[in-house]
Each structure stands twice: as structure tokens, then as C-alpha cells.
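Asker: Residue strings, one per chain:
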Amino acid sequence: MTQSATAPQEAAPGRTRAQIAARTLRRDRWWRSPAVTAAYLGAVVVYLTWASLVNADYAYGAYISPLYSPCLATTCTPGDSSFFLIPWVSVLTPAIIIIGGPMGFRLTCYYYRKAYYRAFWRSPASCAVREPHAKYTGETRLPLILQNLHRYFFWIALAFNAFLTYDAVVAFRAVAVVGHQHVAGAWGHMGLGTLVLVINAALLWLYSLSCHACRHAIGGRLKHFSKHPVRYRMWTMVSRLNSRHMELAWISLTWVLLTDLYIRLVASGVITDPRFF
Amino acid sequence: MGEKVTLLVWRGDAGAGDIVEYQVEVNEGEVVLDVLHRLQATQAGDLAVRWNCKAGKCGSCSMEINGRPRLACMTRMSTFEPGEAITVTPMRTFPVIRDLVTDVSFNYAKARQIPSFSPDPSVALGEFRMQQVDVQRSQEFRKCIECYLCQNVCHVIRDHEENMPAYAGPRFLMRIAELEMHPADTADRRTIAQDEFGLGYCNITKCCTEVCPEHIKITDNALIPLKERVVGRKYDPLVWLGSKITRRGHRDTPAVPSKRDTA
Numbered sequence: 026m027t028q029s030a031t032a033p034q035e036a037a038p039g040r041t042r043a044q045i046a047a048r049t050l051r052r053d054r055w056w057r058s059p060a061v062t063a064a065y066l067g068a069v070v071v072y073l074t075w076a077s078l079v080n081a082d083y084a085y086g087a088y089i090s091p092l093y094s095p096c097l098a099t100t101c102t103p104g105d106s107s108f109f110l111i112p113w114v115s116v117l118t119p120a121i122i123i124i125g126g127p128m129g130f131r132l133t134c135y136y137y138r139k140a141y142y143r144a145f146w147r148s149p150a151s152c153a154v155r156e157p158h159a160k161y162t163g164e165t166r167l168p169l170i171l172q173n174l175h176r177y178f179f180w181i182a183l184a185f186n187a188f189l190t191y192d193a194v195v196a197f198r199a200v201a202v203v204g205h206q207h208v209a210g211a212w213g214h215m216g217l218g219t220l221v222l223v224i225n226a227a228l229l230w231l232y233s234l235s236c237h238a239c240r241h242a243i244g245g246r247l248k249h250f251s252k253h254p255v256r257y258r259m260w261t262m263v264s265r266l267n268s269r270h271m272e273l274a275w276i277s278l279t280w281v282l283l284t285d286l287y288i289r290l291v292a293s294g295v296i297t298d299p300r301f302f
Numbered sequence: 311m312g313e314k315v316t317l318l319v320w321r322g323d324a325g326a327g328d329i330v331e332y333q334v335e336v337n338e339g340e341v342v343l344d345v346l347h348r349l350q351a352t353q354a355g356d357l358a359v360r361w362n363c364k365a366g367k368c369g370s371c372s373m374e375i376n377g378r379p380r381l382a383c384m385t386r387m388s389t390f391e392p393g394e395a396i397t398v399t400p401m402r403t404f405p406v407i408r409d410l411v412t413d414v415s416f417n418y419a420k421a422r423q424i425p426s427f428s429p430d431p432s433v434a435l436g437e438f439r440m441q442q443v444d445v446q447r448s449q450e451f452r453k454c455i456e457c458y459l460c461q462n463v464c465h466v467i468r469d470h471e472e473n474m475p476a477y478a479g480p481r482f483l484m485r486i487a488e489l490e491m492h493p494a495d496t497a498d499r500r501t502i503a504q505d506e507f508g509l510g511y512c513n514i515t516k517c518c519t520e521v522c523p524e525h526i527k528i529t530d531n532a533l534i535p536l537k538e539r540v541v542g543r544k545y546d547p548l549v550w551l552g553s554k555i556t557r558r559g560h561r562d563t564p565a566v567p568s569k570r571d572t573a
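Taken in sequence, the protein lines are chains A and B. Okay, so the first sequence: first residue is 26 according to this note's numbering, each after it adds one. Okay, so the second sequence: first residue is 311 according to this note's numbering, each after it adds one.
Treat the hints as calculated values from the structure; they're not laboratory data. Wrong hints could be hidden among the right ones.
Said to hold, decoys possible - Calculated cross-link-like contacts (lysine-lysine; reagent style DSBU-like; alpha-carbon spacing at most 30 Å):
(1) B:Lys554 x B:Lys453
(2) A:Lys252 x B:Lys364
(3) A:Lys252 x B:Lys554
(4) B:Lys554 x A:Lys139
(5) A:Lys160 x A:Lys139
(6) A:Lys248 x A:Lys139
(7) B:Lys364 x B:Lys314
(8) B:Lys453 x B:Lys527
(9) B:Lys544 x B:Lys554
(10) B:Lys544 x B:Lys527
(11) B:Lys544 x A:Lys160
(12) B:Lys544 x A:Lys139
(13) A:Lys252 x B:Lys367
(14) B:Lys367 x B:Lys554
(15) B:Lys527 x A:Lys160
(16) A:Lys139 x B:Lys527
(17) B:Lys314 x B:Lys453
(18) B:Lys367 x B:Lys314
(19) B:Lys364 x B:Lys544
(20) A:Lys252 x B:Lys453
(21) B:Lys314 x A:Lys248
(22) B:Lys527 x A:Lys248
(23) A:Lys248 x B:Lys544
(24) B:Lys364 x A:Lys248
Stated by the list, open to error - Each pair of labels, with its calculated beta carbon distance range:
(25) A:Ala47 x B:Met384: 19 to 27 Å
(26) B:Glu524 x A:Arg265: 16 to 24 Å
(27) A:Ala46 x B:Gln350: 58 to 66 Å
Ideal Cβ placement from N, Cα and C applies to all residues, glycine included.
Working from the sequences, and respecting the hints, build out all of it.
Answerer: What follows is the structure, given as C-alpha cells:
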């Protein structure tokens, strides 16, 4: 709106907003997107809770579920990609020990914040739809001010990606049977599970690198791109990925769950892992 | 001769009013503003509508059409279903002057409170040189036509009027981001972005981006990068430690005095 040359007037006393009682006058199906998001995220939470607590069928041969990797508990199945076994945490399931890292990354993610503020907190459920809360302070105080820790969870997520990439590489091993257990065998073999784990690692890298905190760290915080041509080039690449952050968030989350389900079905003998070579 | 459409227009003064039904003729290729003008010319001569360019560039005809913040001049009648009644109301966040015209002076007051562009005084006028890559981020924000649809839709002030003194809204947080990214600007507005202009109230639900008629990526390119810069200034202990070790001092630029008096 063009501003007049004279000083703008303040709102005159007595002027109020249009008194419209309806919560919204929107007629489109604005409730559909938050409802679908709430239903899907709710289903994810239920599945993750069950899969993290069940503590069985999470490994088969060289495959390990991304929910259980890195496996830090002394109860880990032999043949897992266990790097450090920590006795004092072993009262918990291997998944519960590590779930805080990736969960913290996704909970503080700028995209997921939008998704769950809309879907669960309804603040707002959709644009131009009145929210149900009498008071609103946003992310100015505890606990939501902790969303500012997102950049730390980003670095933690990268560490998890490194572990899961290692798992994808290890998955190029055959399945050997020792006693009644299926463990990793000779190198240079591949099954459908290998492909599933490789895609899982790739999607997680793409999701992490498309993160807004990554975009800031890689170059967004600079004022002079021209003085940092390499960082500028990297920033443009991350920015391109960043425009797909929402899609990558959903696809990578879904693929993690599908990977866990696939390995669980193979490990429990419900299906057989097709071997390519 | 075109068809008739049912137009439900909020009519009122100083907040008190109601929705009034009209039957108005519509012709092919028209936009909502054309129909409002026909209503004004044929049935409601005293209908107040603010408009200017009719080309989506002046930002004057901001209103809510079927509950969605839109520019009336850019909303084609052909986007509605045949026979669909169209509800037209003023922007809900700002006080009503009359009918569809609101008092948006809140925005002018907020604009004045932001410390202006502050170049290095040691660089003489005309000496500073900038590369295109240094300014192109800010150029996106300069597309803003000041329609204030983003301010109107932001639930922080739309649903909580009491937050208006503490929160500048997406348009002016974007202005701060623009200045923070400007290569020739020397002021540090990160602390006041959070403490005085209420960046922390923003929960990045992206409604501002959804309604922007210029398709500026307000949330992704301005608000979130500004949030990340504020984290570096106020909430990141490692950055704080690094600044202590390297003895890089920070001098926060204060807000323009008496800002709360004018909000």
C-alpha cells in the first residue's frame, strides 16, 4: 500500500476490528490437511513406540533396523553394527537409548514445527482460521524456546546418518547361519534389504542437508557471498534442496518406518529377503 | 449481459456491522474488484472500497474473499463455482474505517521503529561496490507491495490482538532480515528482532508465505534465516564462547526510542 508523504495517522479512538463471529469464513476443506497430518503423525508415534519397545527382530544377517542403530546396549544381537556397548544403559531397549537424537532433530525441524503446530496445537489449524487458545506466546518462553536447539540436533543427526551409511555399506554382505542365528557373511553380495538400507541412508542425508540450520551454517549467515564463492555455491545447492524440505521430511520418515518393517518381517521369517547376487 | 452472482459484503462502521446480500451482474474476464465497483455504481453508492492500480502492484485492495486474504483485483470471478455465493469482508486484523476499508496505520508505526539502513560512515558515498550475489537475497524482499495480507493472516496478532505492541509481524521481520543480509549495512538488529519485534512469537506456520501475492518466500528466506541469526546471537553457547575467545565484540543496535508508545 502506498504510504502518503505525510506522517501516517494512528488508529482513531473507537475504531475496532470488524466484529465477525464465525471462526472462519473459508469454504474450502481447510481442515483436511491438518487432519491428515495429525492422523499420519499419530500413526507414526504409535508404530515407533511399539517398534522401539518390542526389542526383537530388528536385525537379520548384516541388516539392522535404523531404529536400533547404532546399537549401544549389551543385549544387542551378535553381528549388529555395534560400535560401543554401554552396560549401564542396557536396561533400556537399544532403540530407546538412541531415539532422542533423530527424534529431537525432527521435533525441532522448522518444517515439522509447522506440521504439528497446525495439526495438534491448532495454532492455527489453517490460515485465517481462528485458533482456540485464549493466550499465545509462541516460541518466546519455555518449553518452546528450546526449539532454538535445532542446530545442535542437526549435527547429531549427521552422526546418525554416518552410522546408517555404515549399515548400508555393511549390508553388502551375505547372510551366514551360525547355530540358529543369521549373521553377516562374505562381502560382495546384495539383497533387496541392501537396496532398502541404501535408499534409507540416501534419503536421510538429503533430508538433513536440506535443513534450514544446515542452510544457515553452510552460508546463509554470511553477508558477503562474493567473498566466499565456494560457500555461496554450496549455499545455492542446499537452498535448492531446502525448497524440497517438506517432501524430504515425509519421504525419509516413511522410508525409515518401511525399512524397519521390512527388516522386521525378514528377521521374523514372515518374508524372505530376495538376493540379487 | 452477464450472469448474476450473490455477493455477501460486510457493511459497517467502526467495527459494528453485518453481512449484506446483493445480486450483482458479472461479465466474462472480471475480477472481484470489478464486481464490487459495479455494486458501488448500481446498488450501494456508499460502499467503501480502497483500490488503486487494479494490477496487483499497489496493494490497496486487500480484503478477505470467502474467508481467504486476497487482493480483490487479482481474484478472478472464474475461479468460483457457478452459482457460488461470494463473501467479501474487510481484513480482520486491522480496525475498520468503513465497510471494506481498514486502518492499517499499525504497519506504518512498526515500519518507523526499525533502525534504518546504516552504511559504514567511513565509506564515502558512491564508493561502496556490491556484487549481484550479495544483494539478490534482499531483492526478493523488495518485491513486497505492502498489501499487508501477511500481517493480516498472521495468527499471532490476528487471533491475539494483545500481541500487537510486542510483535512487528512478518512484513517487518522480513524488513529486518533484509537489512541484516545487506552487505553494506553495519547495524546488528538480531537482539531487537527477538526482544523488541517479537520474532520468537512466530511459529513458522507459513500463512504469510501462503497469502503473499508476490510469492515471496517470507518464511523460508526471511523469517527462518533471521531466527537462525538470532540463535547465533542469543541462544547458542558455542557461538558465544567463540566470540569470547576471539574477542569479537557485538554492539546491538537499539530499537528506535518510544516504540511501544506508537504501537
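Asker: Confirm or reject each hint.
Answerer: Status of each hint after checking the structure:
1. B:Lys554 x B:Lys453: At roughly 39 Å apart (the allowed maximum being 30 Å), Lys453 of chain B and Lys554 of chain B break the hint.
2. A:Lys252 x B:Lys364: Violated, because 42 Å separates the two Cα atoms, which is more than 30 Å.
3. A:Lys252 x B:Lys554: holds, 25 Å
4. B:Lys554 x A:Lys139: At roughly 35 Å apart (the allowed maximum being 30 Å), Lys139 of chain A and Lys554 of chain B break the hint.
5. A:Lys160 x A:Lys139: holds, 19 Å
6. A:Lys248 x A:Lys139: holds, 27 Å
7. B:Lys364 x B:Lys314: holds, 22 Å
8. B:Lys453 x B:Lys527: Holds, because 11 Å separates the two Cα atoms, which is no more than 30 Å.
9. B:Lys544 x B:Lys554: holds, 14 Å
10. B:Lys544 x B:Lys527: holds, 25 Å
11. B:Lys544 x A:Lys160: The hint holds at about 25 Å.
12. B:Lys544 x A:Lys139: holds, 23 Å
13. A:Lys252 x B:Lys367: violated, 35 Å
14. B:Lys367 x B:Lys554: With a Cα-Cα distance of about 47 Å, the restraint between Lys367 of chain B and Lys554 of chain B is violated, given a limit of 30 Å.
15. B:Lys527 x A:Lys160: holds, 28 Å
16. A:Lys139 x B:Lys527: holds, 15 Å
17. B:Lys314 x B:Lys453: violated, 36 Å
18. B:Lys367 x B:Lys314: Measuring from Cα to Cα gives roughly 29 Å; hence the hint holds.
19. B:Lys364 x B:Lys544: Roughly 44 Å separates the two Cα atoms, so the pair is violated.
20. A:Lys252 x B:Lys453: holds, 26 Å
21. B:Lys314 x A:Lys248: violated, 55 Å
22. B:Lys527 x A:Lys248: With a Cα-Cα distance of about 19 Å, the restraint between Lys527 of chain B and Lys248 of chain A holds, given a limit of 30 Å.
23. A:Lys248 x B:Lys544: Judged against 30 Å, a Cα distance of about 19 Å means the pair holds.
24. B:Lys364 x A:Lys248: Distance ~37 Å between Lys364 of chain B and Lys248 of chain A Cα, so the pair is violated.
25. A:Ala47 x B:Met384: 19 to 27 Å: holds, 24 Å
26. B:Glu524 x A:Arg265: 16 to 24 Å: holds, 21 Å
27. A:Ala46 x B:Gln350: 58 to 66 Å: 26 Å Cβ-Cβ, so the 58 to 66 Å window is violated.
Consistency with the previously given hints fails for numbers 1, 2, 4, 13, 14, 17, 19, 21, 24, 27, ordered from lowest to highest.
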